[in-house]
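So the sequences go chain by chain: A and B. With the numbering used here applied, the first sequence covers 1 to 229. With the numbering used here applied, the second sequence covers 230 to 458.
Hints listed in this document are in silico derivations from the structure and should not be mistaken for laboratory results. Cβ coordinates follow ideal geometry from the N, Cα and C atoms, glycine included. It is possible that some hints are incorrect.
[To be verified] Below, computed lysine to any residue pairings styled on SDA-like, alpha-carbon distance capped at 20 angstroms:
{"id": "1", "chain 1": "A", "residue 1": "Lys49", "chain 2": "B", "residue 2": "Pro294"}
{"id": "2", "chain 1": "B", "residue 1": "Lys278", "chain 2": "A", "residue 2": "Lys49"}
{"id": "3", "chain 1": "A", "residue 1": "Lys49", "chain 2": "A", "residue 2": "Tyr37"}
[Unchecked claim] Reference excerpt, derived from the structure (chain B facing chain A, CB under 10 angstroms, subset only):
{"id": "4", "residue": "Asn334"}
{"id": "5", "residue": "His378"}
{"id": "6", "residue": "Arg386"}
Given next are the chains, with one letter for each unit.
There are 2 protein chains.
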Amino acid sequence: MQTAVGLISGGLDSCVAAYMAREDHNIEVKTGVTILYGQRHDREVSSAKRVCAALGINHVVLDVPLRDIIQRSSALLNPSEALPHDRAQSAMTARVPRSYVPGRNTIMLAIAQSIAEAYEYDHIITGFNAVDFSGYPDCRPIFVDAWNHLARYATKRGYENNAITLVAPIINMAKASVVYHGIRLGAPLGDTWSCYEGGALACGRCDSCIIRRNAFRENGKEDVIEYAV
Amino acid sequence: MQTAVGLISGGLDSCVAAYMAREDHNIEVKTGVTILYGQRHDREVSSAKRVCAALGINHVVLDVPLRDIIQRSSALLNPSEALPHDRAQSAMTARVPRSYVPGRNTIMLAIAQSIAEAYEYDHIITGFNAVDFSGYPDCRPIFVDAWNHLARYATKRGYENNAITLVAPIINMAKASVVYHGIRLGAPLGDTWSCYEGGALACGRCDSCIIRRNAFRENGKEDVIEYAV
Chain A
1 MQTAVGLISG
11 GLDSCVAAYM
21 AREDHNIEVK
31 TGVTILYGQR
41 HDREVSSAKR
51 VCAALGINHV
61 VLDVPLRDII
71 QRSSALLNPS
81 EALPHDRAQS
91 AMTARVPRSY
101 VPGRNTIMLA
111 IAQSIAEAYE
121 YDHIITGFNA
131 VDFSGYPDCR
141 PIFVDAWNHL
151 ARYATKRGYE
161 NNAITLVAPI
171 INMAKASVVY
181 HGIRLGAPLG
191 DTWSCYEGGA
201 LACGRCDSCI
211 IRRNAFRENG
221 KEDVIEYAV
Chain B
230 MQTAVGLISG
240 GLDSCVAAYM
250 AREDHNIEVK
260 TGVTILYGQR
270 HDREVSSAKR
280 VCAALGINHV
290 VLDVPLRDII
300 QRSSALLNPS
310 EALPHDRAQS
320 AMTARVPRSY
330 VPGRNTIMLA
340 IAQSIAEAYE
350 YDHIITGFNA
360 VDFSGYPDCR
370 PIFVDAWNHL
380 ARYATKRGYE
390 NNAITLVAPI
400 INMAKASVVY
410 HGIRLGAPLG
420 DTWSCYEGGA
430 LACGRCDSCI
440 IRRNAFRENG
450 KEDVIEYAV
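Same shape as in the complex, but just chain A (with noise of 0.2 angstroms):
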């Protein structure tokens, strides 16, 4: 069985991602690592170490301290400014949301490579989704064979022909489909954090917590958290 270093954001798409990697493709998830880089609230990191442990691995949390220098570039690390509902539409509008955060999926990658070379990993895990999430330019399949010729050059590991290699499971895949995968593996999706808002409920306005409920609702089901409306 090969191995890997997982990225887990605590979001529902990582979760699935790594359970994917497991049962679909005979992947074991060694190491989940979450990157923390400024993030308005932290809830996601416990939603992420309950995950893990539901896996049964470890969890390795990293401050990658980019708040001051990146804050006015992204909705998602400014506090004064108010949280993107632009997600939703991303797809038809072909624009890049306010929610991106500069570079910031090379930054997680980069990070997750040095773990996998050092423990001597065979891939990293990742949660990207180019679907509902179109206007990211860092979850596109092309950005992922980018990262993967660039690994072939970047490492030890790739000099030596044995390149740490980017597997994105669910990267094609509409959230509908990514909720269905999740039931059928008994993920712990109740334990995942989609709202932009750090409230004790998802709030259920936001981009993010609209997708992901209409998703469960298109599996014929109602979400397994609670929403505040």
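Guided by the hints, dock chain B onto chain A, whose structure is given.
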């Protein structure tokens, strides 16, 4: 004039690269970034500060807490391992030196890319050098090419056909040429630090000291810094 973020390590190469960018490539380095990844000493940080002061630019220090996670993988991060003396020979032996830090340059570039996008800079300037350091996979021209391919897909800027490009002005230069250009441009070489040890004076014995000192001698000069031996 185009603009850039410069990766400023405190060493000689990144200092000369920044001066060459400004004087020879007409690229203004606006911000210098020093990334800490668990080095054994921070002598480099004070050198980097002095280089940025000489350039008259903003200096940012970022700490990526990788030490605990990848300590076992590199002699540079592991205090229980003797410092490496295999680099001067690496070009001949084609081995990756023990001082290689897994995936380090990819992390540095990823962070620099985020800063460049947030501040709307055009380029990243690095002192990557493939000649004396040819055992490092992530210093090679092919790595730079692969990075610039990735950059087209990794950011909003790339999505808008205005990718942030990596410029490595000294990548194909022998160290003697780097020193030559540093002297020609009046770069503050006396403020730079190359030694792997963190002593008051450069040790004069590690690979890095030997390569640097020889490079000055090939220019018919003695190094402007003092050595312990």
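Quick rundown of the hints versus the structure:
{"no.": "1", "hint": "Lys49/A x Pro294/B", "verdict": "holds (19 angstroms)"}
{"no.": "2", "hint": "Lys278/B x Lys49/A", "verdict": "violated (38 angstroms)"}
{"no.": "3", "hint": "Lys49/A x Tyr37/A", "verdict": "holds (17 angstroms)"}
{"no.": "4", "hint": "Asn334", "verdict": "holds (7 angstroms)"}
{"no.": "5", "hint": "His378", "verdict": "holds (6 angstroms)"}
{"no.": "6", "hint": "Arg386", "verdict": "holds (8 angstroms)"}
Hint violations for this structure: number 2 only, all remaining hints satisfied.
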